[in-house]
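Residues per chain are reported as follows:
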Amino acid sequence: MNRIETALQALQEKKEKAFITYITAGLPDYDKTKAIIKAQEAAGTDIIELGIPFSDPVADGPVIQAASYEAILGGANLEKTFTCMKEMRDDGVQIPIVFMMYYNTVLHYGVEKFVKECNACGVDGLIIPDLPLEEQEELQTQLQKEDGTILIQLVSPVSKDRVPKILKNARGFVYCVSSMGVTGQEATFHRQILEYLTAVKKEAKIPVMMGFGIRTAEDVRPMKEIIDGAIVGSHFITLMREHGFDPQAAADYCSTFKKELNEM
Amino acid sequence: MNKKAYYGQFGGQYVAESLMNTLQELDQAYEEAIHDPEFMKQYHYYLKQYVGRETPLYYAERLSAKYGTKIYLKREDLNHTGAHKINNVIGQILLAKRMGKTKVIAETGAGQHGVATATGAALFDMECTVYMGKEDIQRQKLNVMRMEMLGAKVVSVESGSNTLKDATNEAIRTWAKTAEDTFYIIGSAVGPYPYPKMVKEFQSVISREAKRQHMEAEGKNPDVVMACVGGGSNSIGMFADFIDEPEVELIGVEAAGLGIETGKHASAMALGEPGVLHGMRSYLLQDTDGNIQLAHSISAGLDYPGVGPEHAYLRDTGRAKYVAITDVEAMDALMELCKLEGIIPAIESAHAVAYAFKKAKEMTMDQSMIICLSGRGDKDVNTIADYLDGKGYLN
Numbered sequence: 028m029n030r031i032e033t034a035l036q037a038l039q040e041k042k043e044k045a046f047i048t049y050i051t052a053g054l055p056d057y058d059k060t061k062a063i064i065k066a067q068e069a070a071g072t073d074i075i076e077l078g079i080p081f082s083d084p085v086a087d088g089p090v091i092q093a094a095s096y097e098a099i100l101g102g103a104n105l106e107k108t109f110t111c112m113k114e115m116r117d118d119g120v121q122i123p124i125v126f127m128m129y130y131n132t133v134l135h136y137g138v139e140k141f142v143k144e145c146n147a148c149g150v151d152g153l154i155i156p157d158l159p160l161e162e163q164e165e166l167q168t169q170l171q172k173e174d175g176t177i178l179i180q181l182v183s184p185v186s187k188d189r190v191p192k193i194l195k196n197a198r199g200f201v202y203c204v205s206s207m208g209v210t211g212q213e214a215t216f217h218r219q220i221l222e223y224l225t226a227v228k229k230e231a232k233i234p235v236m237m238g239f240g241i242r243t244a245e246d247v248r249p250m251k252e253i254i255d256g257a258i259v260g261s262h263f264i265t266l267m268r269e270h271g272f273d274p275q276a277a278a279d280y281c282s283t284f285k286k287e288l289n290e291m
Numbered sequence: 003m004n005k006k007a008y009y010g011q012f013g014g015q016y017v018a019e020s021l022m023n024t025l026q027e028l029d030q031a032y033e034e035a036i037h038d039p040e041f042m043k044q045y046h047y048y049l050k051q052y053v054g055r056e057t058p059l060y061y062a063e064r065l066s067a068k069y070g071t072k073i074y075l076k077r078e079d080l081n082h083t084g085a086h087k088i089n090n091v092i093g094q095i096l097l098a099k100r101m102g103k104t105k106v107i108a109e110t111g112a113g114q115h116g117v118a119t120a121t122g123a124a125l126f127d128m129e130c131t132v133y134m135g136k137e138d139i140q141r142q143k144l145n146v147m148r149m150e151m152l153g154a155k156v157v158s159v160e161s162g163s164n165t166l167k168d169a170t171n172e173a174i175r176t177w178a179k180t181a182e183d184t185f186y187i188i189g190s191a192v193g194p195y196p197y198p199k200m201v202k203e204f205q206s207v208i209s210r211e212a213k214r215q216h217m218e219a220e221g222k223n224p225d226v227v228m229a230c231v232g233g234g235s236n237s238i239g240m241f242a243d244f245i246d247e248p249e250v251e252l253i254g255v256e257a258a259g260l261g262i263e264t265g266k267h268a269s270a271m272a273l274g275e276p277g278v279l280h281g282m283r284s285y286l287l288q289d290t291d292g293n294i295q296l297a298h299s300i301s302a303g304l305d306y307p308g309v310g311p312e313h314a315y316l317r318d319t320g321r322a323k324y325v326a327i328t329d330v331e332a333m334d335a336l337m338e339l340c341k342l343e344g345i346i347p348a349i350e351s352a353h354a355v356a357y358a359f360k361k362a363k364e365m366t367m368d369q370s371m372i373i374c375l376s377g378r379g380d381k382d383v384n385t386i387a388d389y390l391d392g393k394g395y396l397n
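Those protein sequences? They're chains U and W, same order as listed. Numbered according to our numbering, the first sequence spans residues 28 to 291. Numbered according to our numbering, the second sequence spans residues 3 to 397.
These are calculated hints, taken from the structure and not from any lab test. One should not assume that every hint holds.
Said to hold, decoys possible - PhoX-like cross-link-like pairs, simulated, lysine-lysine; straight-line CA separation at most 25 Å:
(1) K99(W) / K179(W)
(2) K360(W) / K213(W)
(3) K228(U) / K65(U)
(4) K222(W) / K43(W)
(5) K103(W) / K187(U)
(6) K323(W) / K187(U)
(7) K213(W) / K195(U)
(8) K105(W) / K155(W)
(9) K172(U) / K213(W)
(10) K113(U) / K286(U)
(11) K187(U) / K140(U)
(12) K172(U) / K195(U)
(13) K323(W) / K6(W)
(14) K143(W) / K103(W)
(15) K187(U) / K105(W)
(16) K172(U) / K228(U)
(17) K105(W) / K68(W)
(18) K195(U) / K363(W)
(19) K266(W) / K187(U)
(20) K192(U) / K266(W)
(21) K107(U) / K59(U)
(22) K187(U) / K228(U)
(23) K179(W) / K228(U)
(24) K155(W) / K192(U)
(25) K266(W) / K179(W)
(26) K192(U) / K41(U)
(27) K140(U) / K107(U)
(28) K136(W) / K192(U)
(29) K187(U) / K6(W)
(30) K43(W) / K5(W)
Claimed, not checked - What the simulated footprint calls covered on chain U by chain W, stretch by stretch (three residues with Cβ under 8 Å from a Cβ of chain W suffice, anywhere in the stretch; the number is not a length):
(31) 29-38
(32) 67-78
(33) 126-137
(34) 202-209
(35) 281-288
Computed from a prediction, not measured in an experiment: that's the story for all the values here. Glycine is no exception: its CB is placed at the ideal position from the N, C-alpha and C atoms.
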């Protein structure tokens, strides 16, 4: 069974909500990336989204754009991130890790080779914001050759009648984008957020996570009865910058968020 | 996979899930519009009375005499706002109004599409925001002023390389946030389906006119049709009605910048590899990590690292041929056109003219070619002056 699915099943049995963070790979360097992920695993973070930097991140707001740009200037790329993954898994890191990336990076690497490498390096899932359902066949064909890496599906407040077909064969969890537009828009959720999340939850057989614009557990209090977890990206990167990418600061933030999320 | 979104393996809809319904609505509204005689009547009314169509197909006597074949120029430079861009803007903005949108956004590099969009927005009373890279704002001050005079808001984009591709990223981001009341007017034959199809339709007026005009003048189709290619809107419009005429050779001219071998060029077809950018799968300039590389050309309008998906398809099927012209070759052709015909072309269009001179060597006086003169060179006078002074140039 896939690490994401195993971890989320365990959480459901404990009736706990999941806490997921996003960090750009190689920001400011790969040693920090590893240290931050290890600290988060120890602090109780449930899933890590690891961003593969791309030159033209159209689904991202200013914080992740800047992070991506800096990581590229620092030499981060897909190949090095695979190496980083392999090293972490060899070190015994067990936390589920999902690559958040753009499709051009996959195409450039070669879809078949990419999927093989994901499976070999312990990449559990993929989030590709510029690969909507209609364009997924090429990648899914390769993913389905092995019982390993899975593609996470995204839904948005305006997906409406598309939700059932998106969720039909979805695995792992559903990533509910909280607002229109891009990452990091400071908790200005869509005006019909509760109706939207309720509709997705009703349709979904797998856990429903909400992301985009979340900073604290308090931000998701209004939807705590609906969602199964929260994803923090831009705010986590801002926080890491403020603390000089100190793994302890990551651990403190994650354990607090996770605790508050489950005590609400 | 939505097969109708593809030209062979190129095209598609590589956008965020939140835009998928928007694209679906757009495609439906577009199909209804172009099959509605009232809509098309309105579109052609504005092309005639406002843009000043039809544009002449001018027989360039002195060039023809010098190069030994019949050279015709399709004078898109005589359109209102100075280039072909307005053909597409009028079409898309009428569609936006029909869909009940109140705001339009656009990306621009050199500013020509921004000026055309600001013009259309003023004409049809729409709120207009144009995204432009910080670098481009500095080097195209005159066009920024034009847009502002026309009532548009110009937003300086400061991310990535601060140029056209980043302005396009920012326009896409804004569109994803505001699609409910905002229409994104894409200026080139690029982007997710149905944009390449729409831009082609609204630019195909170029070849519809040119084909008839050439028939009137010569009693046959031209032997060669050529146009410059950045994203590829004037060229797809120039090719459109000739694609199904196999005897007509189609040539797209990309910018070779300082030379393909220097790496400083904008020729996505010469060395590009297929990839995904700005919602489409097509040939793109990429580095070894699959990041998008910066394009380089003296002409800001050709300075784009990708190319429209139908061009990628026409290239792979062999229906059209794509070549590249360097900065120097384009500038030489530009000066020659000034001196021999009294026409100052845009530097973009001068790339097509430069290749026409090469192509003419294998042609005879019984044969003819049409060059799409996509824009006028007024906007380029500063760049041309700097170039002639030997100071290099800004782009």
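Problem - Violated constraints from the hint list, given by number and in increasing order - result: 3, 4, 6, 7, 9, 10, 11, 14, 16, 17, 18, 19, 20, 24, 25, 26, 28, 30, 31, 32, 35
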